[in-house]
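Chain residues, written in single-letter form:
Number of protein chains: 2
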Amino acid sequence: MNVFVIGVGLIGGSMAKDIKKENPEAIVYGIDINDNHLDEALSIGVIDKKAVYKDLSIADIVIVSVPVDIMVSELPKVLDVVNDEAVVLDAGSTKALICNTVANHPKRRNFLACHPIAGTEFSGPAAAINDLYKGKTNIICEVEKTAFKLQEKALAIFQQLGMRIRYMNPEAHDKHIAYVSHLSHISSFMLGKTVIEKEKNERDIFDMAGSGFESTVRLAKSSPAMWTPIFKQNKDNVIETLEEYIHNLEAFKTMIIEDDYDGIYKEMNSTNRIKEILNGIPLNKK
Amino acid sequence: MNVFVIGVGLIGGSMAKDIKKENPEAIVYGIDINDNHLDEALSIGVIDKKAVYKDLSIADIVIVSVPVDIMVSELPKVLDVVNDEAVVLDAGSTKALICNTVANHPKRRNFLACHPIAGTEFSGPAAAINDLYKGKTNIICEVEKTAFKLQEKALAIFQQLGMRIRYMNPEAHDKHIAYVSHLSHISSFMLGKTVIEKEKNERDIFDMAGSGFESTVRLAKSSPAMWTPIFKQNKDNVIETLEEYIHNLEAFKTMIIEDDYDGIYKEMNSTNRIKEILNGIPLNKK
Numbered sequence: 005m006n007v008f009v010i011g012v013g014l015i016g017g018s019m020a021k022d023i024k025k026e027n028p029e030a031i032v033y034g035i036d037i038n039d040n041h042l043d044e045a046l047s048i049g050v051i052d053k054k055a056v057y058k059d060l061s062i063a064d065i066v067i068v069s070v071p072v073d074i075m076v077s078e079l080p081k082v083l084d085v086v087n088d089e090a091v092v093l094d095a096g097s098t099k100a101l102i103c104n105t106v107a108n109h110p111k112r113r114n115f116l117a118c119h120p121i122a123g124t125e126f127s128g129p130a131a132a133i134n135d136l137y138k139g140k141t142n143i144i145c146e147v148e149k150t151a152f153k154l155q156e157k158a159l160a161i162f163q164q165l166g167m168r169i170r171y172m173n174p175e176a177h178d179k180h181i182a183y184v185s186h187l188s189h190i191s192s193f194m195l196g197k198t199v200i201e202k203e204k205n206e207r208d209i210f211d212m213a214g215s216g217f218e219s220t221v222r223l224a225k226s227s228p229a230m231w232t233p234i235f236k237q238n239k240d241n242v243i244e245t246l247e248e249y250i251h252n253l254e255a256f257k258t259m260i261i262e263d264d265y266d267g268i269y270k271e272m273n274s275t276n277r278i279k280e281i282l283n284g285i286p287l288n289k290k
Numbered sequence: 005m006n007v008f009v010i011g012v013g014l015i016g017g018s019m020a021k022d023i024k025k026e027n028p029e030a031i032v033y034g035i036d037i038n039d040n041h042l043d044e045a046l047s048i049g050v051i052d053k054k055a056v057y058k059d060l061s062i063a064d065i066v067i068v069s070v071p072v073d074i075m076v077s078e079l080p081k082v083l084d085v086v087n088d089e090a091v092v093l094d095a096g097s098t099k100a101l102i103c104n105t106v107a108n109h110p111k112r113r114n115f116l117a118c119h120p121i122a123g124t125e126f127s128g129p130a131a132a133i134n135d136l137y138k139g140k141t142n143i144i145c146e147v148e149k150t151a152f153k154l155q156e157k158a159l160a161i162f163q164q165l166g167m168r169i170r171y172m173n174p175e176a177h178d179k180h181i182a183y184v185s186h187l188s189h190i191s192s193f194m195l196g197k198t199v200i201e202k203e204k205n206e207r208d209i210f211d212m213a214g215s216g217f218e219s220t221v222r223l224a225k226s227s228p229a230m231w232t233p234i235f236k237q238n239k240d241n242v243i244e245t246l247e248e249y250i251h252n253l254e255a256f257k258t259m260i261i262e263d264d265y266d267g268i269y270k271e272m273n274s275t276n277r278i279k280e281i282l283n284g285i286p287l288n289k290k
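Listed in order, the protein sequences are those of chains A and D.
For the first sequence, the residue numbers in the numbering used here are 5 to 290.
For the second sequence, the residue numbers in the numbering used here are 5 to 290.
Chain A extracted, bound-state conformation:
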């Protein structure tokens, strides 16, 4: 089995590691615009061989794990080269534009639109780890547009990786993911910015930070190259979530200004329901 990973970082690299573990005969080829990443991935065994686009003709599986702006420019070129038996997966955090981009491609049936809900705040080949996808959700969009045999091939791999599958249309995906993922990143980045700005004049402030701050601001370590095009492609949904979030913050501020501490208590108490909700989320237990 020839597995190609385009964009050898946390997402593609982790998937390659698990596939190799489950299928020792598989040969993992890496393609990356960054030659240093490719050398690093080779030296630490995330890939077996370096490759280029024309080699894609021998691919059985292609995992395209690049920022979503590069995805829309590269995915058609990947489909141009692969053979009829190859399945091409993406792992983008947006789905509508990506699906639209390849909607009329002659090899559309070779493509399976995926969003594995997994990751860490780290990036690059060295961030790739085994079992990243175990127990995690993989959202598949427009499954009916992928050739049945190729769906099967991909699903067998996802089963090996221990993923739960959910089917969704691209528009619903983009709308929902804005709430549970994209907004979290913005809230975390802006929290980090607010505190860093304050710190300019108050050098000791971070000495006072604890694990609560660390948890809330963790996503502000994420890659700007990955996240800028996500916000661009999901602009309307992201703006909607931001408006609702800001509205809720303003309302909370007003309650504090007006000394409405009963209201504040009730607000937090009803949001405590997040405990039960989180208990239902399949997460990597560390």
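Which copy is meant is left open, so a pair is good if it fits within one copy or across any two.
DSBU-like cross-link-like pairs, simulated, lysine-lysine; straight-line CA separation at most 35 Å: (1) LYS257 <-> LYS81; (2) LYS153 <-> LYS138; (3) LYS202 <-> LYS179; (4) LYS202 <-> LYS257; (5) LYS54 <-> LYS270; (6) LYS138 <-> LYS24; (7) LYS179 <-> LYS270.
These are computed hints drawn from the structure, not numbers from a lab.
Values in this document were obtained by computation on a predicted structure and should not be read as measured data.
Got chain A sorted already, so can you dock chain D onto it with the hints?
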């Protein structure tokens, strides 16, 4: 050594556990308005005996770990009862009002104003754990107002628990902690609220949440009874942080609306500095 814990939950209970471990001869007495908590703490060994206020006359160390509104009403009563050799510590997340409340108490020199920057999102006696304070910062305010011998007694305990000590005045504490702790809690609660509100009509939304969302919303599990009086006592500072946070979110939203993706990239890139900052924070590595 007679150690009294008033408010036998995560904070006081964890401190008692470590003190007992380091000083097996110590007897830990628990006082709590909630008799169920007291029975639970006794049955799981967080305390050795149940006690009431008049027993405080035999105390060597008193740890007052109750919500900050109860703190300001109870602390003077505790000081009324203790003997001259007892040191009374608090663990409140605000410091100015607490210090003001006891400023003129005849036993002011028996009190040491503390804020150990440690915790989890859980509460109650069962949440008490060993080593919660190891490597964590303990902020001490107005140290000069505490009797020298009692400072020494308390510092010896903090050293046993592995804490780093920082001295600060109450006003500076309350201003800085609003940024690195109180704001994080509000941002997390409002993120939880925003997504829960959306979920009312979209049942499947949480199936799409991953570890990033979980991390960012973790603090929304926190106790409203503990946090409402903190926001009340630190009202002005909290409002200031909220205004800066909302301003930054609005600016980010405007950049998205205006398609200023260079600006968004730069904003996230400069906030990535949080990585180095977090590396310098003493956290429980889990």
